[in-house]
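Colleague: Start from chain A and add chain B according to the hints.
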Amino acid sequence: MELNPLMIFIAAILTHNIALSYLLGMCPLLAMSRQTNTAIGMGIAVIFVMTITAIVNWLLYHFVLIPSGSEIMSYLVFIIVIASVVQLLEMIIEKFFPRLQSSFGIFLPLITVNCTILAVSLFMVLRTYNFWQTVLFSSGSGVGWALAITIIAAIREKLRMVSDVPQGLRGAGITMVIAGILSLAFMGFSGMVDIQ
Amino acid sequence: MRLSKIFYTRGFRTFSKGFFKENTVCCQLLGLCSALAVSNKVENALAMGLGVVFVLIASSFLVSLLRNFIPSQYRIITFMIIISTLVIVVDQFLKAYFPLISKQLGPYVALIITNCILMGRHEAFAAKNPVSYSILDAIGNSLSYTYSLLLIASIREVLAFGTFFNIQVMPANFSPWIVMAMAPGAFFLLALYIWLFRITAKLQPEKEM
Numbered sequence: 145m146e147l148n149p150l151m152i153f154i155a156a157i158l159t160h161n162i163a164l165s166y167l168l169g170m171c172p173l174l175a176m177s178r179q180t181n182t183a184i185g186m187g188i189a190v191i192f193v194m195t196i197t198a199i200v201n202w203l204l205y206h207f208v209l210i211p212s213g214s215e216i217m218s219y220l221v222f223i224i225v226i227a228s229v230v231q232l233l234e235m236i237i238e239k240f241f242p243r244l245q246s247s248f249g250i251f252l253p254l255i256t257v258n259c260t261i262l263a264v265s266l267f268m269v270l271r272t273y274n275f276w277q278t279v280l281f282s283s284g285s286g287v288g289w290a291l292a293i294t295i296i297a298a299i300r301e302k303l304r305m306v307s308d309v310p311q312g313l314r315g316a317g318i319t320m321v322i323a324g325i326l327s328l329a330f331m332g333f334s335g336m337v338d339i340q
Numbered sequence: 005m006r007l008s009k010i011f012y013t014r015g016f017r018t019f020s021k022g023f024f025k026e027n028t029v030c031c032q033l034l035g036l037c038s039a040l041a042v043s044n045k046v047e048n049a050l051a052m053g054l055g056v057v058f059v060l061i062a063s064s065f066l067v068s069l070l071r072n073f074i075p076s077q078y079r080i081i082t083f084m085i086i087i088s089t090l091v092i093v094v095d096q097f098l099k100a101y102f103p104l105i106s107k108q109l110g111p112y113v114a115l116i117i118t119n120c121i122l123m124g125r126h127e128a129f130a131a132k133n134p135v136s137y138s139i140l141d142a143i144g145n146s147l148s149y150t151y152s153l154l155l156i157a158s159i160r161e162v163l164a165f166g167t168f169f170n171i172q173v174m175p176a177n178f179s180p181w182i183v184m185a186m187a188p189g190a191f192f193l194l195a196l197y198i199w200l201f202r203i204t205a206k207l208q209p210e211k212e213m
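As given, the protein sequences belong to chains A and B, one line each in that order. If you count by the numbering used here, then the first sequence holds residues 145 to 340, one letter each, in order. If you count by the numbering used here, then the second sequence holds residues 5 to 213, one letter each, in order.
With the rest of the complex left out, here is chain A (with noise of 0.2 Å):
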C-alpha cells in the first residue's frame, strides 16, 4: 500500500515517536533533559542528523548495495555515513557559523551514537519507504523525538523546584518514571494514523 508521505510525517511525530513508542534514544533523553535549553539544541542537531543521513542511505542502499547485490554491508555502510555526515557538519559549522558552534555544535560528536539515528535508516529498508517517505519519515522522527526530548526536561525543571522525590529515585529514576507517563499520554494518539 502506498503511504502517503505526509500522513507518515505525522505518524512519526505523535503516533508511534521514536522515543516514547519505540524506545530508541534513552541515553541521551536522559543525560541531556537536565536544562530545557541544552534539550532544545540536541533536539535540533537530531533533526538535521537524521534527515541527512536518511536521505544519504536511502541513496547509497538503493543505487550503490542494492545494484552490487551487497545488503548485507548495509548496517556497516550506514554506521560510516552516519559518523562522516556528523564530522562534516561539525567542520561546516566550525566554519562557517561559529555563532552556533556553542549552542548546537557542542552536541554533534555525541550523535554519531544515537541509536534513533541508525534506527531511522533500519526502518526504512524494513518498511520499503520510497524517496518522499523517507524524507518526510526521517524528519518527522527527529521532531518527535525532539518534542519528546523537550517536554522531559521542562517537566524535570519545574520538579527540581516543587517535589521530594525520593533518594534512590533522582536522577534516572525519575526521569523514567516521567518517560513513562508520557508515553501513556501520547498512546491517546494512537488511532489517529496508522502507519506499519
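Keep in mind that the hints were calculated from the coordinates and are not lab data. Glycine included, C-beta positions come from ideal geometry on N, C-alpha and C.
Examples of chain A residues toward chain B, derived with CB under 8 Å:
1) Gly-169
2) Ala-316
3) Val-321
If the Cβ cut is set under 7 Å, some of the chain B residues that face chain A in the computed set are:
4) Ser-88
5) Leu-115
6) Thr-118
7) Pro-188
8) Ile-198
9) Trp-199
DEER-style ranges, computed between Cβ atoms:
10) A:Ser-228 to B:Pro-175: 52 to 58 Å
11) B:Lys-132 to A:Pro-211: 39 to 45 Å
12) A:Ile-210 to B:Gln-108: 24 to 30 Å
Modeller: Structure of chain B alone, referenced to chain A:
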C-alpha cells in the same frame, strides 16, 4: 593458591566490578534503549543478551589487541567498524537459525552497534588495558546487562502474556496487563529496578533530579 585469594586478584575485581558493583544498566545507565525495547519476552531478552555478550567480548578482545596501533583521532570510527562487522555476524546467525526471534527483534539486533555499553567499555577500559583484563571486564559487563534484561523481561512476560518462556504459568482466568507489553510498562519497571538496585547497593544518590 587458596581459593579465597582469588577474590582479591585484579582479574576477579575487574570482573565483579562490572557484574555487581557497577551494573551496566543501573549504575552506568548504558544500553537502556535495548533494555527497554526487547524486554517484552524472555526469549527475546535472552537472544539480545547473548548477542551483546558475544559482540562485547569479541570486540573488546580486538580493540585491546589493536590498542597500540589505532591512532587516537580515528579510534571511534575503528571501534564502529569492528563492532558493526561483529553485529552483522550475529544478525546473519539469528536470521539463519532463529528466524522467528530475528523477526521479533527486528531492527534492534542491528542497534547493538549503537548500544552505548560497547562504546563505553571500549573507551573506558579496553582501549587502555591488556587483553586478559579487557575480556574479563567485557564478560562482567555483558553478563550484568544480560541478567538485568532477563529480570525485567520475566516480570513483563508473566504480567503481559501470562507466560514464561512461552509456557503458560498464570491461571487461565488471569487477565493480562496489556500496558506491560507496551512502552509505558517498560519505563515504569526499569525505574523500579533502578530504584531497588540503588537502595540495596547503597549507592550515593544523584544530587540533581
